[in-house]
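Residue-level listing of the chains:
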Amino acid sequence: MMTASANTKPNAPTAAAATAGAGAGARPRRLPLAGVGRRIGSVLVWVGLAALVVAVLYPLLWMVFSSFKDNREVFDSPWGLPSQLRWGNFAKAGSAGVVRYFTNSVLVTSASILTTVLISAWAAYGLVRQRIIGGGLVLGLLLGGLMLAPTVALIPLFNLLQQLRIFDTYWALIVLYTAFRIPFTTFLIRAYMIDLSPEVDEAAKLDGCTPAQTFWRIILPMCRPILVSAALLQALFAWNEFVFALVFISNGDLKTLPVGLMDMQSRLLTDWPVQFAGLTMAAIPMIVLFLIGQRQFLRGLTDGIGK
Amino acid sequence: MHVLNRWRSWVWVLPALALLLVFVYYPIVENLRLSLYSWNAFSAHPVFVGLDNYKTAAEDPIFWRALRNNTVFAVTSLVFQVGFSLVLAAVLEEFVHQRLRGILRTIYFIPAVISITVAGILFSFLYNPQIGLLNRALGALGLVSWQHSWLGEPGTAMWSIIAMSQWQSIGYTAILFVVAIQRVPREFYEAARIDGAGRIRSFFAITVPMVREMTTLITILTISGAFLVFNEVMVMTAGGPSNSSQVLGTWLYRNAFLNDDMGYASAIATVIFFITLLIGASQIYLSRRRRIEW
Amino acid sequence: MRSLTRVGASLAAVVTAVALAACGTPSTATTSGKQANLSTPKEKKGTLTMVTKFADPKYAPYFVDVTKAYEAANPGVKIQLEQVGDQPYKDKIRVLSASKKLPDIYFSWAGDFANKFVRANLAADLTSVIGPDTEWGKTFAPAALKAFQTNGKYYGVPIDLDAKYMAYNKKAFAKAGIANPPDSLETLLDDCGKLKSAGYTPIALGNQYGWPAIHYMTQLNAYAVKPDTLSKDYNPATGAFTDPGYVTALTQFQSIVKQCATPQANGLSHEAAQANFLNGKAAMHYLESLEFLALTTKGGASKDLADNWSFFKLPASSSSPGDTKALTGAPDGFMVNAQSENAALAVDFLKFMTNAQNAQKLTADIGWLSPVQGSATSSNSFPQLQEALTDMGKASQFAIWLDTVTNADVANAYLSGVEGLINGATTPQQVIKGVQDAAAKAKKQVG
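Protein chains in written order, with numbering that gives the first Met the number 0: chain A, 0 to 306; chain B, 0 to 293; chain C, 0 to 446.
Calculated directly from the structure, the hints in this document are not laboratory data.
Please read all numbers here as calculations on a predicted model, not as lab measurements.
It is possible that some hints are incorrect.
Derived pair list, reagent style DSBU-like, types lysine-lysine, alpha-carbon separation capped at 35 Å [said to hold, decoys possible]:
#1 LYS91(A) x LYS91(C)
#2 LYS360(C) x LYS231(C)
#3 LYS91(A) x LYS100(C)
#4 LYS91(A) x LYS443(C)
#5 LYS57(C) x LYS77(C)
#6 LYS152(C) x LYS100(C)
#7 LYS360(C) x LYS44(C)
#8 LYS193(C) x LYS152(C)
#9 LYS54(B) x LYS170(C)
#10 LYS231(C) x LYS443(C)
#11 LYS54(B) x LYS231(C)
#12 LYS91(A) x LYS257(C)
#13 LYS44(C) x LYS54(B)
#14 LYS145(C) x LYS99(C)
#15 LYS393(C) x LYS170(C)
#16 LYS91(A) x LYS77(C)
#17 LYS100(C) x LYS54(B)
#18 LYS302(C) x LYS54(B)
#19 LYS91(C) x LYS231(C)
#20 LYS442(C) x LYS57(C)
#21 LYS145(C) x LYS91(A)
#22 LYS91(A) x LYS137(C)
#23 LYS54(B) x LYS443(C)
#24 LYS440(C) x LYS152(C)
#25 LYS280(C) x LYS91(A)
#26 LYS44(C) x LYS170(C)
#27 LYS360(C) x LYS91(A)
#28 LYS360(C) x LYS91(C)
#29 LYS302(C) x LYS91(A)
#30 LYS54(B) x LYS432(C)
#31 LYS91(A) x LYS57(C)
#32 LYS91(C) x LYS54(B)
#33 LYS91(C) x LYS169(C)
Quick partial rundown of chain A residues pointing at chain B, CB under 10 Å, derived from the structure [claimed, not checked]:
#34 VAL35
#35 GLY40
#36 SER41
#37 LEU51
#38 VAL137
#39 LEU142
#40 PHE157
A virtual CB, placed ideally from N, CA and C, is assigned to each residue, including glycine.
In isolation and in its complexed conformation, chain A is listed as follows (with noise of 0.2 Å):
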């Protein structure tokens, strides 16, 4: 299974591993009683893996203390702990834009998870069940649009939009991001829906159930896993997407959060801790929803870099 697509960075997906490695232990490690040069190699290794974690940490703990912190702290104690905890600059960066942002990253993020996955399900069960005339040149169009790029279609995607009348509105965003995901999340649906035993449909067929029907009450719940890791990946598409709503949202209220966050950087000027408080406003939700559940962004990862 091919799932590399083209069209998004490979930075989004998963941790995960974290929980699974727990399964795999109970392997014999013991640090064998070797010479010095061992001890010195290890004690490196150490070091190394100490100084990642400072590296990975120190940059996000800064941020969010400097959102507590005024101007002149963030200047003059850039290491030290803020004297108090200002929440009022949550609440400006809040007003600025943020919870705005955030509303429309959330909705147009949700809708495009809603139509991306029923779509692509839809399509992979007719790929795999139905016998459709010309199905080669389906799966080969797909396989194209693996490899099409969001930024190559800019400018008559520009055009277009504008002819549809969708140009700066939330459908714009929603469109492309379903039609350029299709692709990748087709072929991940359908890979795990060869592997349903046919005799699920033809049961359903005894029992008097149409194609559409047995689509919705019987193949839509067998695939829940694979759905729920294709919206995972999909979450995390829409989430950071950023040319399409860079060029195709021009109203600031209509903006999602990786554009308005830009944009509110060019308002706010110097008034720092309220841009730390803004970034940290935008990062923390993602983090904690990723420290809950890491078990299925392990999944979601193992599913969608293909096996």
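Assemble the complex: chain A is given as a structure, and chains B and C must be docked to it using the hints.
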């Protein structure tokens, strides 16, 4: 009757296909056509100019610099996200005790869940010569001469962006490798240990060849990501200073929406199209060949 | 199954319609020659859209207040005001005009930036209402109106008067033993040395977005190149940039950067650099009179600074062939969308915005000088603002911002070239070569 039924089954693929054709395929083809015109946001009539826009690209030093920056981005990302990540994954699996291993993996992965924009803005603050931690840290270590206006100098801007991108992605690719390493049967390592192989030797003799498939996949994802990079650069430098951190994506954007040259922007888009096509084709080729080898 | 087929068929129909609709020529702004009707509407009703570049929280409230006041006075009118930052505005307005979503009223800088809209027939000809002989036109300073004049027609409503000055900290100057503000470029460079020895950054410069350096170049070009040559070169149809004065100006800027400016200026935003002047670490800062408010206690400056600053015009070199009385600056303004159904209402609103009361409010609230005559008084402004107004009166002409007066290609060549100059990566000769190439390209496009 039978044939009609089979046509009816197009109902299944029609929604997907329609969206794909209208919003993905049509724009790509249309882009090829548009790249032969000269027009901008203000001009009334697009003028057909043939291949002029491509000629402009060939003669445009910034276009070549952008292409070079994408390449540098790709190569550096390969070193870190394939080379370094694999080592990190192996170290995590082989050196670290279970519980701690889980915690470390979680920590390393965190940057990948915050969006590129957040990471980009955060790093632009980190690099800021006034409030940024980087210069302060260097100052504290007595390395004043190493201090830079990181995003403000042509020599360091691109590298600073690349560094941010590595910060964000290493944990992610490392986790992918961890997953692959966990699929390697334990017995292989046991056998190697009995044969007296050390950790480093088993890494090269077992881990590297056994995760080859994942390596190919990550390599391709990394390269295509590097040629499509846009968000990071737009947020941190928008291509400056002096266009030193321009990449194909931002140069396209700039020409379309700031330099009033949509036709030229379309030509750049075509170049991106062929690059991604090449990468996609090589991916298919590699995954096919692997299947045959099996 | 049958109903599904029907859904499929209608979907197919929609798709075909979409595909057909999309197959037109590349989208462009529609050009119709119709002349908008600008006479005051009998019944004031409708929704006006307006986009400004004044999202900065210091300035944004003024525009909100004025639109609210107009809505209150005219209950039938709703104004959708959108304010974006200075930098994003430059691409936003292009996206809006390319997508035919240009608002009824939009911000514009003077120069080729405005002319682009005029050429595309997106700017309404306001001569009949704001021409110098009209009732409304007479309320403005003539020079401000002229900044938006093209081919004898008037297209813009000036909203502010803006000029670039070097603000200096009097205490710092005293501490460095400098008695008078410099009257020539050479003296300025000398003074920088003295300020450095006294422990100051002589000039706070933050050039992250490129335009702050361009403002120096605007002034230095005006000094170093004869006015006729300058206006010929700034016109995209005739630009050549072969005069040796351009290299001289770049070399002068290079000296300012080396001897005076904040190191690593490209990595700092203008506002971050300004913070250095505000906290007394830098002795000078080149800024627009529109920003003067930031240097007062009302604008958030410490009393220590607010009571101890003054300003001077960036001095010319003692041997300058150009116009040494030219002053960098220009009024900013609003234009009315020529395609707008609400053009008349838009004009009515702009009249409201520039009436005597709102003009005085502009000065009182956000410290801007209004082009409306007699709007700055000692009661609503601070001394430096009035001095600036007097000084602007002495200027022979406004040198309009280099990045908006020239066309986009030349402006970009200058922007990236001068950034390179600050880093020491390029030489003045290389910069001007890039500018010449861009001018040649622009000439080809216009002609």
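key: Hint consistency between LYS360(C) and LYS91(A) [alpha-carbon to alpha-carbon, up to 35 Å]   = Answer holds: LYS360(C) to LYS91(A) is near 26 Å, not above 35 Å.
inquiry  = Against the 35 Å threshold, does the CA-CA distance of LYS91(A) and LYS57(C) hold or violate the hint?
reply    = holds (14 Å)
task = Identify whether the interface hint at VAL137(A) stands, where standing means a beta carbon of chain B within less than 10 Å of its own.
result = Result: holds, 5 Å to nearest chain B Cβ.
inquiry  = Checking one constraint from the list: CA of LYS280(C) to CA of LYS91(A), max 35 Å. Satisfied?
reply    = Roughly 29 Å between the alpha carbons, so the hint for LYS280(C) and LYS91(A) holds.
inquiry  = Holds or violated: LYS152(C) and LYS100(C), Cα atoms, limit 35 Å.
reply    = holds (24 Å)
ask   = Does LYS231(C) lie within 35 Å of LYS54(B) when you go C-alpha to C-alpha?
value = Holds, at about 29 Å.
ask   = Within 35 Å, alpha carbon to alpha carbon, are LYS193(C) and LYS152(C)?
value = violated (50 Å)
inquiry  = Need the status of pair LYS91(A), LYS77(C): alpha-carbon distance at most 35 Å?
reply    = holds (27 Å)
message = LYS91(A) and LYS100(C) were given as a pair; does the straight-line alpha-carbon distance stay at or below 35 Å?
response = Distance of about 30 Å is within 35 Å: holds.
task = For the pair we were handed, LYS100(C) and LYS54(B), check the Cα-Cα distance against 35 Å.
result = Holds: LYS100(C) and LYS54(B) sit about 32 Å apart, inside 35 Å.
ask   = Does LYS91(C) lie within 35 Å of LYS360(C) when you go C-alpha to C-alpha?
value = Judged against 35 Å, a Cα distance of about 28 Å means the pair holds.
key: VAL35(A) as an interface hint toward chain B, with CB separation required under 10 Å   = Since chain B brings no Cβ nearer than about 15 Å to VAL35(A), farther than 10 Å, the hint is violated.
Consistency with the previously given hints fails for numbers 2, 4, 8, 9, 12, 13, 18, 20, 21, 22, 26, 33, 34, ordered from lowest to highest.
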